[in-house]
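Residue numbering for the sequence shown follows the numbering used here, starting at 96 and increasing by one per position.
Simulated from the structure, these hints should not be mistaken for laboratory data.
Please note that the accuracy of each hint is not assured.
[Stated by the list, open to error] Simulated crosslink set (BS3-like; lysine-lysine; CA at most 27 Å straight-line): (1) Lys256 with Lys196; (2) Lys122 with Lys136; (3) Lys98 with Lys119; (4) Lys98 with Lys150; (5) Lys150 with Lys122; (6) Lys256 with Lys119; (7) Lys150 with Lys180; (8) Lys180 with Lys214; (9) Lys122 with Lys147; (10) Lys119 with Lys147; (11) Lys147 with Lys98; (12) Lys180 with Lys147; (13) Lys98 with Lys180; (14) Lys196 with Lys98; (15) Lys196 with Lys180; (16) Lys119 with Lys150; (17) Lys180 with Lys119; (18) Lys122 with Lys214; (19) Lys119 with Lys136; (20) Lys256 with Lys136; (21) Lys136 with Lys98; (22) Lys147 with Lys196.
[What the hints assert, rightly or not] What follows is a list of derived Cβ distance ranges for each label pair: (23) Ile117 with Tyr212: 57 to 65 Å; (24) Val169 with Val133: 42 to 50 Å; (25) Thr144 with Ala210: 22 to 30 Å; (26) Phe174 with Tyr212: 24 to 32 Å; (27) Ile216 with Ile243: 46 to 54 Å; (28) Thr242 with Pro220: 36 to 44 Å; (29) Trp238 with Gln106: 48 to 56 Å; (30) Gln102 with Lys136: 21 to 29 Å; (31) Phe179 with His154: 21 to 29 Å; (32) Pro135 with Glu198: 16 to 24 Å; (33) Lys98 with Ala125: 29 to 37 Å; (34) Pro220 with Leu160: 51 to 59 Å.
Remember, it's a predicted structure, so these values are computed and weren't measured experimentally.
All C-beta atoms, glycine included, are put in the ideal place defined by N, C-alpha and C.
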Amino acid sequence: MIKSLTQFFAQNGQLILPNIGIIKCHKEDAVWVNSILVAPKETITFETTNSKPSKLFYHFLANNLDISYEQAIVQYEQFLDTVFKNDLPQFVLGNFGILNKTEGLFHWTSNFQSAAYLKDIEISPIPHQDDVDSNKSTRKDRWYVWTILLAIVSILLILFKSL
Numbered sequence: 096m097i098k099s100l101t102q103f104f105a106q107n108g109q110l111i112l113p114n115i116g117i118i119k120c121h122k123e124d125a126v127w128v129n130s131i132l133v134a135p136k137e138t139i140t141f142e143t144t145n146s147k148p149s150k151l152f153y154h155f156l157a158n159n160l161d162i163s164y165e166q167a168i169v170q171y172e173q174f175l176d177t178v179f180k181n182d183l184p185q186f187v188l189g190n191f192g193i194l195n196k197t198e199g200l201f202h203w204t205s206n207f208q209s210a211a212y213l214k215d216i217e218i219s220p221i222p223h224q225d226d227v228d229s230n231k232s233t234r235k236d237r238w239y240v241w242t243i244l245l246a247i248v249s250i251l252l253i254l255f256k257s258l
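Let the hints inform the model, and build the full structure from the sequences given.
In structure tokens:
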């Protein structure tokens with residue numbers, strides 16, 4: 096069950112735990128600040144709400160566990176009840192983090208740090224086109240002369256061989 100829930104969270108960016116809350120992945124886009132491209136930020140947070148999972152979630156769970164839609168609903172609720180009724184109630188969501196229940200309150204500990212994977216990029220100024228042109232060498236390439244000579248030699252060799 097945990098493997099299926101982790102897979103759903105990775106694909107959809109959120110996981111609704113009925114009568115407990117929602118684990119969400121928040122994403123901020125990268126932005127330009129002067130000549131620095133600030134890396135995007137991703138965080139996984141937990142919000143305590145009283146919401147129900149979508150039909151999409153239950154269909155995903157049913158297909159993944161190879162059970163019916165109704166059985167998926169029942170098994171998911173039973174799974175959450177058994178997880179949080181133990182002496183050490185914690186819900187481990189793969190490598191993303193751990194949801195703990197202490198004294199009736201839920202606390203999310205995230206293992207995901209986007210800063211470890213995404214860094215800011217500093218971009219140096221691009222040289223002006225005139226500066227690039229002035230740095231070119233003044234030597235003229237005569238590639239067309241070599242091409243004509245090679246073609247003439249090839250034609251002479253073909254004629255010589257055919258004689």
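Please flag the earlier hints that this structure goes against, numbers listed from lowest up. Hints 1, 6, 8, 20, 23 and 32 are the ones this structure does not satisfy, whereas the remaining hints hold.
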